[in-house]
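Asks: As they're listed, the protein sequences go chains P and D. In terms of the UniProt record's numbering, the first sequence opens at residue 1 and continues consecutively. In terms of the UniProt record's numbering, the second sequence opens at residue 1 and continues consecutively.
Simulated from the structure, these hints should not be mistaken for laboratory data. Predicted, not measured: the structure shown is a model, and the values here were computed from it. Please note that the accuracy of each hint is not assured.
Here are the computed lysine-lysine pairs in the DSBU-like style, where the Cα-Cα straight-line distance is at most 30 Å [to be verified]: (1) Lys338(P) x Lys65(D); (2) Lys113(P) x Lys164(D); (3) Lys367(D) x Lys28(P); (4) Lys166(D) x Lys238(D); (5) Lys154(P) x Lys65(D); (6) Lys20(P) x Lys66(P); (7) Lys293(P) x Lys259(D); (8) Lys28(P) x Lys263(D); (9) Lys330(D) x Lys113(P); (10) Lys330(D) x Lys27(P); (11) Lys166(D) x Lys344(P); (12) Lys293(P) x Lys15(P); (13) Lys218(P) x Lys49(P).
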Amino acid sequence: MSLWVDKHRPTSLHKLDFHKEQAAHLKKLVQGGDFPHLLVYGPSGAGKKTRIMCLLREMYGSGVEKLRIEQHTFTTPSNKKIEISTISSNYHIEVNPSDVGNQDRVVIQELIKTVAQVNQLETSTQKDFKVVILTEVDRLTKDAQHALRRTMEKYMATCRLILCCNSTSKVIPAIRSRCLGVRVPAPSIEEVCQVLQNICKKESLNLPTELARRIAEKSNRNLRRAILMCEACRVQQQNFTVDQEVTEPDWELYLKETAQLIAQQQSPKRLLEVRGRLYELLTHCIPPDVIIKGLLQELISNCDGQLKTEVVQTAAYYEHRLQMGQKAIYHLEAFVAKFMAIYKRFLEEGIADLF
Amino acid sequence: MMKNKITEYRINSLSFTIYIKIIIFRNSIMQAFLTGKSGLTKTKDKPTSKEPTRERSKHVPWVEKYRPKCVDDVAYLVLIPFQQTKIRPKCVDDVAYQDEVVAVLKKSLQNADLPNLLFYGPPGTGKTSTILAASRELFGDMYKDRVLELNASDERGIDVVREKVKKFAQLTASGIRPDGKPCPPFKIVILDEADSMTKPAQAALRRTMEKQSRTTRFCLICNYVSRIIEPITSRCAKFRFKPLAEDILSKRLHEICGKENIKCDDEAIHGLMYTSEGDLRKAITYLQSAARLKGEEEINKHDIYEIAGVIHEEVIDKLIEVCNTDSYEKLEQEIKVAMMEGHSGMQVITQLHDKLVEMESLTDKQKSVIMEKLAVVDKCLIDGADEYLQLMSLFTTMMQQICHGEK
């Protein structure tokens, strides 16, 4: 049994539930049997990958769904062997180059060249190009992105690239200017509700509108998350009820508790406690930037006007340092300590004003 | 006359032997055989060669398709601003260098000699086009043997410079083509995107450049000349390429529209020029993308903006408006919505900057505080910091300045 997320994933462009106008445009794009390089961007859970797969299916037929996993080995100029796994069909190959860290340039150079230099044997029945899908392009190093530049133009005849990322800010302009940008906005709350209703109908379940709405709001307009939550609800109880509790991921609750601890008391002892909790979160593979954002969200509600600005500035400052630095815990703890300092000063000033 | 006959016979689908026999009747054997053969290959080639090219042409990016084929084409691109500035003589000196590139290249085409070249300038101004066109004109069909093109997608560490480039540079080049015609007695190494080469790799080039100057010319192309080490720059003739003027962009775009049969109104062309910022490659790519996306329909301004990722004015206006309300919650809500829509933080900043400069409700002091923050945020975004937090930090600063800042 597969998850609902995969089971009910639309497989063709006309079955997509939202952004229909864009789907029509995409359909027109591939009608001629060809498309330029694409740069698909949008927040997570908006349906970027779904759209890409739909697009490929439209082009190549159902053959793209026969997937296989391959292991590739490349040797870097410094004779270091790196391995990367790819998912491919006869027509496309999907790879996440940032898996190999800062050796991603080698992967880009070698992989795309091998794919691109192989011509299709029979051009009359097959398309004469293959598709390479690169995911998480925004996490590629600058080196790798530079390596992409000319490759994109040079192998245009035998190879098309579909780049997939969350934000174009981290993609160098030279690449952006070579691609057709496709923006996939997150679905609105109503659209998420609608999709949930449709899925439940297909599963012959009755989903109360209110519950659907609550799930949609909790999901933060992330469709994948909404569907997972919905399925979790279903596992809890065979039939949906209106006042059913929507379970949030436990790490979010844990994060909220942590924030409350910080707000309650500002002392070195508490900081030590918080550090333990932060480590706990990090060891569960919660990305540090998500932790900072989550903490900020909770902490900010305890502050008023002027202070809010200051706290946001601090959060932005430490998050930047976190990206530049190596170890996340230093920066997370620095943020917590700084917040405690600011908050304590604010509280003491408040008390001083009273007398 | 002869050819007519041949095709006529071919249409009648006579076998090859019969058809030769008939020709033998009319002409001497040898001649008939030769012409007959050429006639045959010609007719045979036509259908096969034509179809693939038509199909291929679809896949070719227009950037490649409309790359200038000879130096004169580039000259037209680059020379026009020179002539125009003659009317506005205050900046002739500004543009004269672009004329220089073409002048040097043209001269070298006549004399068949070339200095080491270093082209630099913003993307999409014709640097690669220029050298490709020049070397094609110099070498003709020997182009492949005489030109080594390396760019950032190729491995270009110090090893490659030592091995590949050096080996290539050491080959001798004769001044005579295989068919007896004279040609320039040197080879060209084109190092595209040279600013992404490492310093040691550049240093390894130094001696090679001098030693092999008899047989090899180097052409380095880069965006930032400051990233090329001094010893290299001093060995090359430097040429700066300037962003293309609007009228050239529009002329070129109109030309392509005409050739590709695209319906595109003037506003859309204007939009293209605005979004591309003088980068011809960007403009052409956007145009092609728009044409593919819209099919037969007419392209309008909004399509271009959507493709270029330009954010609607309303979104930016709304963000500024929210800053005036001095409400953190509202601001947070608005920014979240903007992020959910998938807008890029970089783009928000760029467009916000344009707006801020023109805003009259702010004093210079307020503006300067906001601008300083904007610069910090820009740097952070490039470093890969989280967009939401950075934008929040920028907009809260702005809110602070608007509502509580010193006038």
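Asks: Next step is simple, just say for each hint if it's right about the structure.
Replies: Status of each hint after checking the structure:
no. : hint                  : verdict
1   : Lys338(P) x Lys65(D)  : violated (57 Å)
2   : Lys113(P) x Lys164(D) : holds (19 Å)
3   : Lys367(D) x Lys28(P)  : violated (45 Å)
4   : Lys166(D) x Lys238(D) : holds (23 Å)
5   : Lys154(P) x Lys65(D)  : holds (12 Å)
6   : Lys20(P) x Lys66(P)   : holds (26 Å)
7   : Lys293(P) x Lys259(D) : violated (52 Å)
8   : Lys28(P) x Lys263(D)  : holds (17 Å)
9   : Lys330(D) x Lys113(P) : violated (49 Å)
10  : Lys330(D) x Lys27(P)  : violated (38 Å)
11  : Lys166(D) x Lys344(P) : violated (66 Å)
12  : Lys293(P) x Lys15(P)  : violated (35 Å)
13  : Lys218(P) x Lys49(P)  : holds (22 Å)
When each numbered hint is compared with the structure, violations occur for hints 1, 3, 7, 9, 10, 11 and 12.
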